[in-house]
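With the hints as a guide, bring both chains together as one complex.
As given, the protein sequences belong to chains P and G, one line each in that order.
If you count by my numbering, then the first sequence holds residues 1 to 565, one letter each, in order.
If you count by my numbering, then the second sequence holds residues 1 to 282, one letter each, in order.
Just so you know, not all the hints are guaranteed correct.
To be verified - Straight-line distance between alpha carbons at most 27 Å, and here's what the computed DSSO-like set of lysine-lysine pairs gives:
(1) P:Lys207 x P:Lys440
(2) P:Lys443 x P:Lys363
(3) P:Lys363 x G:Lys93
(4) P:Lys363 x P:Lys440
(5) P:Lys297 x G:Lys112
As the list claims (entries may be wrong) - Sample of chain P residues facing chain G (criterion: CB under 10 Å; computed from the structure):
(6) His31
(7) Val69
(8) Leu137
(9) Tyr247
(10) His251
(11) Pro394
(12) Trp528
(13) Ala529
(14) Trp552
(15) Asp559
Stated by the list, open to error - Footprint (simulated), chain P over chain G, 3 or more residues, beta carbon under 8 Å:
(16) 24-30
(17) 36-42
(18) 76-85
Please keep in mind that the hints were generated in silico from the structure rather than gathered at the bench.
These numbers were taken from a predicted model, which means no experiment stands behind them.
Positions of the beta carbon are idealized from the N, C-alpha and C atoms, including for glycine.
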Amino acid sequence: MADSTFPVPGALEAAPHGRRWSQAAFLAWLHDWVVTVDHKKLGILYMLYSIFFLLVGGVEAILIRIQLVRPDMHFLSPWVFNRVFTMHGTTMVFLVGMTYIFGFANYLVPLMVGARDMAFPRLNALSFWLTFFGGILLYYSFIGGYGLYGASSAPDTMWWAYSPLTERAFSPGHAPDYWALSLIVTGFGTIGASINVIATALCLRCKGMTLMRLPLFVWLNVVTSFLALLAITPLTAAQVMLLIDRYLGGHFFDTQAGGSALIWAHFFWIFGHPEVYVLVLPAFAIANEVIPVFSRKAIFGYPAMAAASVGIAFVSLGVWAHHMFTIGMTSVGNTFFVLSTMLVGIPTGIKIFNWVATMWGGKIRFATPMLFCTAFLFQFLIAGLTGIILSVAPWNWQLHNSYFVIAHFHYVLVGAIVFCIFAGIYYWYPKVTGRMLSEKLGKWHFWLFVIGFHVSFDTMHVLGILGMPRSIFTYEADRGWAPWNFVVSIGGFIQAIAVLVFAFNLVHSYFKGRVAGNDPWDAWTLEWATPSPPPAYNFAEDPVVTSRRPLWDIKHPEDPDWRYE
Amino acid sequence: MDSHEQHGHSGNTIHLPAPTAWPIVLAFGATLIFAGLVTHVVVSILGAVLVVTACAGWFRQVLPHEAHEDVPVEAHEITIESERTHVTRIEIKEEHRAHLPLETYPVLSGLKGGIAGGIAMLVPALLYGIIGFHSIWYPVNLLGGAGVAHWTNPTTAQIAAFHPQALVIAIIIHATASILVGLLYGAMLPMLPRHPIILGGIIAPLLWTGLLHASLGIINPAFDERIQWGWFLTSQITYGLVAGWVVAHQSRIRTTQSLPFVMRMGIEASGLHSEEGEDHRQ
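Chain G with its partners taken away, still in its complex shape (with noise of 0.2 Å):
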């Protein structure tokens, strides 16, 4: 390995390796012994030749002593400045504190709150099934269908039956789905302008219902062919008013971003402490 050393300075010139033709001629060489295979062998024998030429042409040049030149150095004038030599630091307004909380939820309101709207949701879902389709198993079919094994194109009556598999998969979608919304919404509802419930509660569900409005179509065909976008977005406002409702009336708990960056990863740093006496590092 070339080290600063090998590079080093003698009077006015600077040792640097010398150009070498070799390592052309043996990438030449390399190339030509496979472009052979597919045209001549003649080719890769030449390849070869080149290979072990470059190859004792390489070595005789750094064995026993690496050949290099010597480069003169040359006076160049160098100038470094700017023309920018007031610095400003950035000052941190308090208004920015409306993006990073002083006081959040705690992790468990969201739980609650997810809870919660899961209860509250199953309300206009179950009214779905009963008025459409004189059933509550309906809405719970269509939820949890993935996990009855044989289904392939069921019809309106077995969707409308009890079917315990679908149950299962439906309880287990519908308590994740629940739990995960809330937390999201304990996390995110401090964060949010001024009406959070209308944002958390209205305005998220009705966004997230037109994603789904959109692309159901190619997720699962056969779901958008049954789903009542109404009855739909009756339930996840549900969800969200409710969810959102649980977890704004929680008790908030203080943050620790009012107190500089450095204490809360527990670490010394500069600032913190007196900076005198550092100047031993120039």
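Just chain P, same shape as in the assembly (with noise of 0.2 Å):
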């Protein structure tokens, strides 16, 4: 089996058979990447695929913000501005937040579980591809999508494709078949993914390895995978029942032959609320293992943390209709869902508290991992605020489909989730590749980012409270929302400059970065008690713990771990 270093040409001067870079060479590069099952391999494929689409759907939202930078501007027309919108939401929720989640997962719940491999290697292997081929047909919709009737390109009826814009009557041609199919093929490449981290994490845990000694990222990962396996089956149902309506002549979503609008906001929302705990735990996951190394103390309430993702992922199932409360629902439905979501704030309050608690005290290291998980808890406390805020109907009935909403979910999906994909990437980087990122250009990355997120973000809530709707392609100038839309676009370029940074560190770094040694943050968990990067099989032997931490159990042997579990 081949080296699992990055798939770039540095990796052939690296390979320890000493190729040269030719096309040979390139090729039988090239057949170890696409032939693999190895699970570090594929956890890298999926991160590479999650970056790129990163940058797309940031070219995107950079068009967006171009848009509406001024009044009255035409940089895209209003149906070009349609698919872009559509395009950002799709790409960022379903090619980058949901292959982020398999990358991490890929590469470290075996390692984490003291394991050679995920469960089911080839399932693995399958899962990725159907991930990456269900992304490529999503975007060949840009020049495949006229269809029959020369209508019509990428799809263009916002992610979330409420009916009945999505029936033939109103969306000739095959941008939202092509957006529904594509999903159907990641959603079974997301349900592979997910039965193989169940299936590892509680099948191939190394010797002395008890639940309650998984470390944190592990237990949040099966929660996510649990989650994410109830979530995606409505979403694959109602895409499906969609192409009925569409191709076969089904009713489900058709209003003028006695189908329901309604219905499909409820499986929609049935899937897309879970979903955003989906992408939001393995962020927790994350921050997990980041905040206690750097913090130099075991994390705080262990079993409280576990259980507050299990409970954050139970009540989950309960919320959808807290996006539907100007749909029109029964007083009795809107005290439940208000309610409902208002219990969200007891195990995530949890959680904070609990970061809180690791870092009081401890002597903290404001290393790049650390200052983007220092930034992810007040965004995402913020994030929870508001969230209680629109929990509640009577304010939600006023700012719903309003920037305030799209704050607020960019507080959660940027401000917690791309936060936490960025110190993890910056805490990982150094397995994976044997490097150090540039600590120089990741705090350049972490101040340009965190300045420009809320200058964008932060405005935007003024913009919904002001009453800006969500979607608009224009606006006129005597709304009073022209200033405040310069301030978001200014800051949505302060955040593509601090992403640039991000790309040219992990080029730059994997050639010129510091060599990295196995174990370079002086961390706890069984991952760093191998190569950087780790050799095919992880484990020339298996290993054996008897902690939640078996590396400060060896480092510490006068004081142990175990004594206190």
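See below:
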């Protein structure tokens, strides 16, 4: 089996067998990556895929912000704006969010539980390639979406694809079909990957690795995978029903023929809200590893953290209709979803308190991963508070479909999830490549990104309160929104510069970065007991653990953790 | 499923699943089947052929015996040690008790404070109705008007008149809010430093009045047009002072904060008992 370094030309020089950079060597190297079933390589492929689409989705976001920077702009036509808007949302949720999860999980779960690979290595490869081709199919719609009528191109019905807009009467051509079909394909990939994570974490744990000694990273990925299994199914069902409507004369969502658009909304949000937690729980998982290591303390309240994760997943299955307060539900329905949504605040609050308690009294090192996690804590708290505001039905009636909602979920998706993704990449990059990312560039990346983030999304709350609806392609000058939109767009550009710094750092440090060694952060979980990058088999001998921090026990034999667990 | 045994040692090599192209072929074929629905039927047919081929190839690779490759074990020098050998325990100092009170008020005190504050704030509220609109029902209807179903843009005279439905709704809202805030006072006052009455009686009502002032226009524009913020603030401060005074004058009870966590949880744990004899866990 070939080495598990990054799939870039430099890997050839680093290859153990001294291959030369030639067409034959390149093809052999490419073949290695295409046919691999190694969880580390598949994890890297997932991450590269995620980062690539993060850049694509970022470009789409910049196009949106250029269009909205001034009133009455015509940089994009309304039709192109709708496509870009839809593809930005779909890309970020399905091709970035869903793939970073399995990137980290693939690479790290087997290493953390002391296994040599995922439980089903071939299914693992199939899951990745389904996700890969699903994404390709989605973007192929830009050139193949004209379909029979020459109408439409890429999907343009927003990432939630509300009915009856997606019915044939209103969306001729194939745009909604590409959206549905590509996400059905990536959905199959998600189901396969979720089954693999659960089976690996539950069945391949090394000796001594009881459930109460599992790293919280693994715990949260198991919870995420269960949630993904439950959430993806109704979406796939709804998409199949939509296709039946469009091609086989069905009437599920056809309001002209006795169907109900409301059913689509229910199906979509039964998927859509747990999906938020599917995305954010792995971000929590990263924070659970980074914060203790850089605070030089064990995580505070391990059982409560694990239980809170299960609690979040459970409650998240019963909150979907808070996206539908303005649709017109009964008072009982409104009240139920207000209360259930507020209930999520309890396990989430437990987590925030425990992270803060972990940092309290610790000797904190503000290296780049910790900077991102610290910002995540503040931003996720604010995101939670605006979430509570939006959970109150009367507030929601006023603010629904306004930029306040956009600001709220970008606080979750960017302020929490993307910040934790960056933290995770800075933290585990040395393990994956054997080289450290530049701290100097990392700090530039962090400060530019955190400033750009707040300039954009803090201001966006104001736009929402001033009544600017989401999804509009332009606005009149007399609405009073122009200066605020200008500021939001400036923040977007600052974030784009930060991401470019990050991309440069990734490439530059791969060739020029400081050699990492096996344990550069003085960490405690099993992956740091392997070389960087780890060999194909991970561990020459099956490890045995006696506590939640096996490397701490080895480093501090006079004061091992098992005495206190 | 691949178990540890299947990934086992054989001399200086380790068995790992062999690389295979069938997953990518299967994934490509499945995608083509779907893509054919929006392009051409030939694409779907090609996809189906690839799926069948990939399945056959995949089955042949795992049946009757799973294909594997032997990866030679390389010698790696792994050092697991920390430069920070000194372990420091966090000491909990006594001043941290300021945030976890050793004594608190019983739940009943919050209930009493809430009821007393709720009754006290009726005085400025009714005064406001009598002085401003010659009717005690005006503030009642402002609060409970949502319960009068047929009201859409009522006149001042209508709001100043008696409406039994509005009265019932107003009593429910007022009693519930008063009792809940009173309970909050009972829980929070022991944690407020130094002048709890000033913080709970004046500062807190000022803060929530400010919050409402900023947001009432969005929540209830009709109410926002009619509310008199001076009177509103007076009634809130009256509530805060009376509820805070009643709570603060109740007798305190000891909390379990001074006991170890494990004793509060009622469980047996290390630290309470001798750790001798635990070496067998190594």
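Each hint, compared with the structure:
1. P:Lys207 x P:Lys440: Roughly 40 Å separates the two Cα atoms, so the pair is violated.
2. P:Lys443 x P:Lys363: Holds, at about 20 Å.
3. P:Lys363 x G:Lys93: Judged against 27 Å, a Cα distance of about 18 Å means the pair holds.
4. P:Lys363 x P:Lys440: holds, 21 Å
5. P:Lys297 x G:Lys112: violated, 44 Å
6. His31: Because about 8 Å separates His31 of chain P from the closest Cβ in chain G, which is inside the 10 Å limit, the hint holds.
7. Val69: violated, 27 Å
8. Leu137: Hint on Leu137 of chain P: holds, closest Cβ of chain G at ~6 Å, below 10 Å.
9. Tyr247: holds, 8 Å
10. His251: violated, 20 Å
11. Pro394: Constraint on Pro394 of chain P satisfied, holds at 6 Å.
12. Trp528: holds, 8 Å
13. Ala529: holds, 6 Å
14. Trp552: At 8 Å from the nearest chain G Cβ, Trp552 of chain P passes the 10 Å test, so the hint holds.
15. Asp559: holds, 5 Å
16. 24-30: Contact hint for the stretch 24-30 of chain G vs chain P: holds, 5 residues under 8 Å.
17. 36-42: holds (count 3)
18. 76-85: holds (count 9)
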